[in-house]
Amino acid sequence: MSDYKAFRVELKDKIAHVVINRPEKLNAMNADFWTEIVDIFRWVDDTDEVRVVVLSGAGKHFSSGIDLTMLANAGQYGTDVGRNAEMQRRQILKLQGSFNAVDNCRKPVLAAIQGYCLGGGIDLITACDMRYATVDAKLSIREIDMGLAADVGTLQRLPRIIGDGLARELAYTGRDISGEEARSIGLVNRTFADQAALLAGVFAIAGEIASKSPIAVRGTKRMLDYMRDHRIDDGLEYVATWNAAMLQSADLRVAMAAFMSKQKPEFAD
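Counted the way full-length UniProt numbering counts, the sequence shown spans residues 1 to 269.
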């Protein structure tokens, strides 16, 4: 793997483990974070050996959100109001692009959350396919307490995950929720007793996904993503066209042969 300043990346058994690696700063998202995450997920997309991603944070916390140094300097581009606003808009769109890289990844991304997951941490996990947490994790949309509206994905993605009313409550109040409450409202799929159990559990799920046909997994993800913004009949039309090509893959024959012989299938990357 390339050397990163804000991340550690490992690839084993078809699973890419992407670790936010600034534990001494509570994994706050500094300038390196925002540029490196784009490069990492471009590599994930381009590397056939990678079939699934586990995203976690080093140390006691997943992420405390955007680095306060970056936030303090936000908007200081000049004295002209119009030019300052234009530069600020471009910067926000650039940051949005960093998490769009996660959302648009063709491979499933599983977030493993322990300790703090605050502010930008929520933006990040809502761009993932699934989320898992320790029971005592602390999650919060903190932007409201910083005097701004969350602007890199939470307000757009969270209502689709937990519903509009709950998303508004958390965004308006900025209150903390535990991992267990996050599970009860559907923000995380499952909770675990501690960080070791969390990683073991998430890697077990990732391993199960990695054992499936990569063609089938990517097609399934594409169809689910497509249905966020389309009607049922649109989705049915799209999957018919998609599978007209994908059903010609050798993976279908491999899967059927393994099923009939009651053996574990082995799929090509």
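What the hints contain is simulated information worked out from the structure, not anything from laboratory work. Keep in mind the model is a prediction, meaning the values are calculated, not measured. Hints should not be assumed to be uniformly reliable.
Straight line, CA to CA, 27 Å or less: simulated DSS-like cross-link-like pairs of lysine-lysine [unchecked claim]:
1. K212 to K12
2. K94 to K12
3. K221 to K264
4. K14 to K60
5. K264 to K212
6. K5 to K60
7. K5 to K25
8. K221 to K94
9. K262 to K212
10. K264 to K60
11. K262 to K14
12. K94 to K264
13. K60 to K12
14. K5 to K264
15. K262 to K94
16. K14 to K264
17. K212 to K94
18. K60 to K25
Evaluation of the provided hints:
In summary, the hint linking K212 to K12 is supported, as the alpha carbons are separated by about 16 Å, within the 27 Å threshold. For the given pair, K94 sits about 31 Å from K12 by alpha-carbon distance, which is inconsistent with the 27 Å threshold. Under the criterion of a C-alpha separation no larger than 27 Å, the hint pairing K221 with K264 is consistent with the structure, at around 22 Å. Using a Cα cut-off of 27 Å, the hinted pair K14 and K60 holds, with the two alpha carbons roughly 26 Å apart.
Among the hinted pairs, K264 with K212 is consistent with the structure: their alpha-carbon atoms are about 10 Å apart, no more than 27 Å. For the given pair, K5 sits about 19 Å from K60 by alpha-carbon distance, which is consistent with the 27 Å threshold. Proximity of K5 to K25 is assessed by CA-CA distance (about 13 Å); at most 27 Å being required, the pair is judged to hold. Pair hint K221 plus K94 holds up; C-alpha atoms about 25 Å apart against a cutoff of 27 Å.
Proposed proximity of K262 and K212 is supported: the alpha carbons are some 15 Å apart, at most 27 Å. The straight-line distance between the Cα atoms of K264 and K60 is roughly 37 Å, outside the 27 Å bound, and the hint therefore fails. Under the criterion of a C-alpha separation no larger than 27 Å, the hint pairing K262 with K14 is consistent with the structure, at around 23 Å. For a cut-off of 27 Å, the pair hint linking K94 to K264 is broken: about 43 Å separates their Cα positions.
Taking the CA atoms of K60 and K12, the gap is about 23 Å. The hint holds against a cut of 27 Å. As the CA atoms of K5 and K264 are separated by approximately 39 Å, the hinted pair breaks the 27 Å bound. For the proposed pair K262 and K94, the alpha carbon gap of about 49 Å is over 27 Å, so the pair is violated. A threshold of 27 Å between alpha carbons decides the hint, and for K14 with K264 the separation of about 16 Å falls inside it, so the pair holds.
In summary, the hint linking K212 to K94 is not supported, as the alpha carbons are separated by about 34 Å, beyond the 27 Å threshold. Distance check on the hinted pair: K60 and K25 sit about 11 Å apart at the alpha-carbon level, within 27 Å; holds.
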